[in-house]
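> Chain by chain, the residues run as shown.
Protein chains: 2
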Amino acid sequence: MPTGKLHLVPLGGLGEFGMNCMAVRWGDDIIVIDAGLMFPESELLGVDIVVPDISYLTENRNKVRAILLTHGHEDHIGGLPWILSELNVPVFGTEFTLAYVEDKLEEHGLLEDAELNELTPGESVKIGPFTITPIRVTHSLVDCVAFAIHTPLGVIIHTGDFKVDATPTDNKLFDLHAFAEYGKAGVLALLQDSTNVERKGYTPSERSVRRKLDEVFARTEQRLFISCFSSSIHRIKLAVDLAWEHGRKIAFVGRSMNNSAEIAEDLGYIDIPEGLLIHPGEMKNFAPNKVCVLISGTQGEPMSALSRAAVDNHKHAKIEKGDTVVLSSRIIPGNEKPIYRVIDHLFRREAHVIYDDGSYPPVHVSGHASQEELRLIINLVKPQYFIPVHGEYRQLKLHAELAATMHGAVGNIILIESGDVLEFDELGARKVGKVTVGRVCIDSGSRTDVVEDLIIKDRRHLSADGIVLPIIAINKLSGRVEISPEIVTRGFNAGDDGLMEGARQVVVQTLEHSNEEEKADYGVIKEKIRADLKRYISKETQKRPLIMPVILEI
Amino acid sequence: MPTGKLHLVPLGGLGEFGMNCMAVRWGDDIIVIDAGLMFPESELLGVDIVVPDISYLTENRNKVRAILLTHGHEDHIGGLPWILSELNVPVFGTEFTLAYVEDKLEEHGLLEDAELNELTPGESVKIGPFTITPIRVTHSLVDCVAFAIHTPLGVIIHTGDFKVDATPTDNKLFDLHAFAEYGKAGVLALLQDSTNVERKGYTPSERSVRRKLDEVFARTEQRLFISCFSSSIHRIKLAVDLAWEHGRKIAFVGRSMNNSAEIAEDLGYIDIPEGLLIHPGEMKNFAPNKVCVLISGTQGEPMSALSRAAVDNHKHAKIEKGDTVVLSSRIIPGNEKPIYRVIDHLFRREAHVIYDDGSYPPVHVSGHASQEELRLIINLVKPQYFIPVHGEYRQLKLHAELAATMHGAVGNIILIESGDVLEFDELGARKVGKVTVGRVCIDSGSRTDVVEDLIIKDRRHLSADGIVLPIIAINKLSGRVEISPEIVTRGFNAGDDGLMEGARQVVVQTLEHSNEEEKADYGVIKEKIRADLKRYISKETQKRPLIMPVILEI
Chain A
1 MPTGKLHLVP LGGLGEFGMN CMAVRWGDDI IVIDAGLMFP ESELLGVDIV
51 VPDISYLTEN RNKVRAILLT HGHEDHIGGL PWILSELNVP VFGTEFTLAY
101 VEDKLEEHGL LEDAELNELT PGESVKIGPF TITPIRVTHS LVDCVAFAIH
151 TPLGVIIHTG DFKVDATPTD NKLFDLHAFA EYGKAGVLAL LQDSTNVERK
201 GYTPSERSVR RKLDEVFART EQRLFISCFS SSIHRIKLAV DLAWEHGRKI
251 AFVGRSMNNS AEIAEDLGYI DIPEGLLIHP GEMKNFAPNK VCVLISGTQG
301 EPMSALSRAA VDNHKHAKIE KGDTVVLSSR IIPGNEKPIY RVIDHLFRRE
351 AHVIYDDGSY PPVHVSGHAS QEELRLIINL VKPQYFIPVH GEYRQLKLHA
401 ELAATMHGAV GNIILIESGD VLEFDELGAR KVGKVTVGRV CIDSGSRTDV
451 VEDLIIKDRR HLSADGIVLP IIAINKLSGR VEISPEIVTR GFNAGDDGLM
501 EGARQVVVQT LEHSNEEEKA DYGVIKEKIR ADLKRYISKE TQKRPLIMPV
551 ILEI
Chain B
1 MPTGKLHLVP LGGLGEFGMN CMAVRWGDDI IVIDAGLMFP ESELLGVDIV
51 VPDISYLTEN RNKVRAILLT HGHEDHIGGL PWILSELNVP VFGTEFTLAY
101 VEDKLEEHGL LEDAELNELT PGESVKIGPF TITPIRVTHS LVDCVAFAIH
151 TPLGVIIHTG DFKVDATPTD NKLFDLHAFA EYGKAGVLAL LQDSTNVERK
201 GYTPSERSVR RKLDEVFART EQRLFISCFS SSIHRIKLAV DLAWEHGRKI
251 AFVGRSMNNS AEIAEDLGYI DIPEGLLIHP GEMKNFAPNK VCVLISGTQG
301 EPMSALSRAA VDNHKHAKIE KGDTVVLSSR IIPGNEKPIY RVIDHLFRRE
351 AHVIYDDGSY PPVHVSGHAS QEELRLIINL VKPQYFIPVH GEYRQLKLHA
401 ELAATMHGAV GNIILIESGD VLEFDELGAR KVGKVTVGRV CIDSGSRTDV
451 VEDLIIKDRR HLSADGIVLP IIAINKLSGR VEISPEIVTR GFNAGDDGLM
501 EGARQVVVQT LEHSNEEEKA DYGVIKEKIR ADLKRYISKE TQKRPLIMPV
551 ILEI
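Protein chains in written order, with our numbering: chain A, 1 to 554; chain B, 1 to 554.
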């Protein structure tokens, strides 16, 4: 047994939802598993995304060898631009994951300087003292892997996000054999996805959604809109296949949906027959029963295509009486109100709305393993140490309790949270301290110039660009702005009075160009005001104050 | 058939969640069914409650004869203080409902001038041209009624909130016979609760929760905390009965829980044996396995007893390792994040937390009728006109669709929303126009002097008392306030600089007296700052500006 210390240091995602990131260290070598973001809570007005504090990595910047990505979801790769702009190290991921990463880095002007290395499931890479073997797993996204990390003290398996889908739509199977072989040979530690530990039984296969969608296609007499997460490649593939079978053209609406479909088609995950795809602008040339629209915006995001279509404010996607709208997605906790608001708008337009109501066959299935799948993997791997990852505190705790009942399969169970340092040596494992972790809020600003914007440390003192609070009093009934908008600033040098008067005019115009339903939906109207005002202030002053609209309903 | 027009005018609750209120008019006589409030959306910072705009009633103030209440939930009675302070008319309700109303009116200093009339199920009252017969129904609260409103054109039945509970804990049965008799004699219109129209089958009885709670009592070895809505009298009764059987003392913690239990005991709904009840301060004198605490705060409300106990900040309710906490309630959409935050805090204290995870037997059941119950009542009543009430737009729509499939039982179906005027005459029924409706936001201020505060019209112009925005920059990691709090005001005459400096000190102190977990929970910290600052400013200036804390996470 070599003498030395192995450290596992979660920098995000353990004890909180999102921004998964974990450092693995042996002596002077650190590798990082995943680099995710978190979407901010509504209390954090004026913030677009949240990424982990990576002080631990920057303080050890000459030791960090690589970032390895399990899959392409935002809570696993969304923090990459921020991290790479601080610390440009090689990135490893599967083909599909890297395609998402490229897209993202390009957008932030970071692609040229990035070193991206493709991983193939089953093919090991050696990085410093570590040998890492990607193992294919199934999930709601495609081309996802777990990692077997060979360290001087033994093998650590990090599952990434997974479910055990026996019939994935791409027929690329979960590599149960690899888990079995590692288990037989002996595994030091298993780090397992805790997301669905509260669910009994088995998560249904992605393919089980096909039956429901097929029914919907068969019954729909007018336009069919299907909304899903843009990364739900399995779902997009199902919709495309069914559209072909049922003789409908496909239009993709929404930037993220378009991007994602393009990447999936390029890499062969989706096969779109010649002539099936039409531009959204062409929809009007086809009979309603010949069109299927894949549209982004399942979470009621104020500026998404579906939210805009639901209030008659999308150029191409018009919802007519008798159209059908399918929400093939889950409600992320916290988004209930905006989602039901969108559904209500759709009902008012007399659309048929199909959403997850618990009925069978399901219109959505989860991408994460339920209890029986978690137990199966634990039984296969039989780790000396079991460490729940990827979950809020209660989920980690329940996951630890689940593992604690599996005496023959698990040696020890250790519950750690973001910031804890878990040390392994030849004598065993223990928590040995804490490192700096936390949330860094990013107001992403204009998309064309985000690198600069990512340097948000100045934001740590309000004095940098300051804060601008437009205060708008809206009469709920009439939708009218009752008094001229007020603009309050702090730490923001407005220069002359003309600027603030101009800003007031911007707000007035934004309100004038919004319809009644938008004005009644504060999420939407705040976001519109924020975007317009940001553009105006940035153009006039080259400054980027935090802009936080305050609505008073009167 | 008499000639004349009958108008149904919903002023709230149709097409929105909460603030149920409906006017029924024949010529120069108006009666009002229910007077509810709505809890504000998180976008409405600085607002405590929302009540319906009653312009239609105040414009016809000499025609309004009475307000009739179906039951005592806030979304049916919570707007009463505001409405009575504008329009003091007689109020009718059952004994238990009036007990809640008295409590509420007393708190607002309105009780002395109010005219409260007790209703008994089955005993009719005559008000102008209307004869109203209360019919006993079952619900999550006790002493709930539907109304049969005898009008010159026929009988209208308004169900209020209901489910058909065959085994209510108080053994007071749903009066199916009354519905059957009205149905046989002929009913002009049925107005039915739409809340659970999306649920198939039957809602389980309140009594089915007993099995789960009994199990929990049997297995719990330390302190047992049970949280439920304070108005869940059935649930409180179950807990009290089980505590007695299992040899535990009962302590009520939280103002609303105390009030509610006291009313229920006074009126004989709960029977608390001599010596069972202890004061929260006495808990420490009993072994943990001899205590059961009924505690308010199921929705993660920042200042509730449970939220405070979860972060070790409640004087009496201390959560220790191994204690059990039961959340016997549903998650109201929009409250997921604060609720799971409380659950996480409880897990960190190593409490066993039992919440509704869909398992059987249930730890909570709904108070509203599912599809089969809705169909049953429609079949019994066989109305000429069916009108869904009490629901968001999609629920009203789905309810209309459900009724539309019942050809033998329903004549016509009419979908109306708040503000619509539905007219009946000898020829039939139709929408004939709109009246002013909307939401009135109330910042309830100090509890001792609310009547004055209810006159919030001045608030319609910010210029009245203005707005105060304390801006606090919190370091997420350290919980430290990074820079001195800023206080921004508009339309608020701060007088001298000393006041603002004092306000800054108040904020600093509030932060100092809050623990790490509270500071990490923005809902809590904002509410604390708001309450403390309001007290300070009100004391120093006798003014009540809107106070809206803004937290910047850095």
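Please keep in mind that the hints were generated in silico from the structure rather than gathered at the bench. It cannot be assumed that every hint is accurate.
The calculated lysine-lysine pairs, modelled on BS3-like cross-linking and capped at a C-alpha distance of 25 Å, are [what the hints assert, rightly or not]:
no.	chain 1	residue 1	chain 2	residue 2
1	B	Lys5	B	Lys337
2	B	Lys63	B	Lys431
3	B	Lys200	B	Lys249
4	A	Lys434	B	Lys321
5	A	Lys200	B	Lys337
6	A	Lys315	A	Lys249
7	B	Lys321	A	Lys431
8	B	Lys321	B	Lys249
9	B	Lys434	B	Lys184
10	B	Lys290	A	Lys200
11	B	Lys337	A	Lys337
12	A	Lys337	B	Lys200
13	B	Lys431	A	Lys321
14	A	Lys321	B	Lys434
Non-contacting residues of chain A with respect to chain B, defined by C-beta distances greater than 10 Å in every case (computed) [unchecked claim]:
no.	residue
15	Ala180
16	Ala185
17	Arg207
18	Val353
19	Lys397
20	Gly433
Looking from chain B toward chain A, a few residues come up when the C-beta cut is under 8 Å (computed) [said to hold, decoys possible]:
no.	residue
21	Lys337
22	Val353
23	Met548
From a predicted model like this one, the values you see are computed outputs, not experimental measurements. For each residue, glycine too, the CB sits at the ideal point set by N, CA and C.
> Beyond 10 Å from every chain B Cβ: check whether that's true for A/Arg207.
Check passes; 24 Å lies beyond 10 Å.
> Quick check on B/Lys337 please, does its C-beta sit within 8 Å of some C-beta on chain A?
With a closest approach of 5 Å, the B/Lys337 hint holds.
> Checking one constraint from the list: CA of B/Lys431 to CA of A/Lys321, max 25 Å. Satisfied?
Judged against 25 Å, a Cα distance of about 21 Å means the pair holds.
> Given the hint that A/Lys200 pairs with B/Lys337, test it: the Cα-Cα distance must not exceed 25 Å.
22 Å, holds
> Does the CB of B/Val353 sit less than 8 Å away from some CB of chain A?
Since chain A brings a Cβ to about 7 Å from B/Val353, closer than 8 Å, the hint holds.
> Measure nothing beyond the straight line between the CA atoms of B/Lys337 and A/Lys337; if it is 25 Å or shorter, mark the hint as holding.
Judged against 25 Å, a Cα distance of about 12 Å means the pair holds.
> Check whether the Cα positions of A/Lys321 and B/Lys434 lie no farther apart than 25 Å.
23 Å, holds
> Checking the smallest CB distance to chain B, is A/Ala185 really beyond 10 Å?
35 Å, holds
> Would you check the hint for B/Lys63 and B/Lys431, treating anything up to 25 Å between C-alpha atoms as holding?
21 Å, holds
> Would the pair B/Lys5 and B/Lys337 pass a check requiring their Cα atoms to be no farther apart than 25 Å?
48 Å, violated
> Hey, does A/Ala180 actually stay past 10 Å from chain B on C-beta?
31 Å, holds
> Below or equal to 25 Å on CA atoms is what counts here, so check A/Lys315 against A/Lys249.
18 Å, holds
Of the hints listed earlier, those the structure fails to meet are numbers 1, 3, 9, 10, 18, 19, in rising order.
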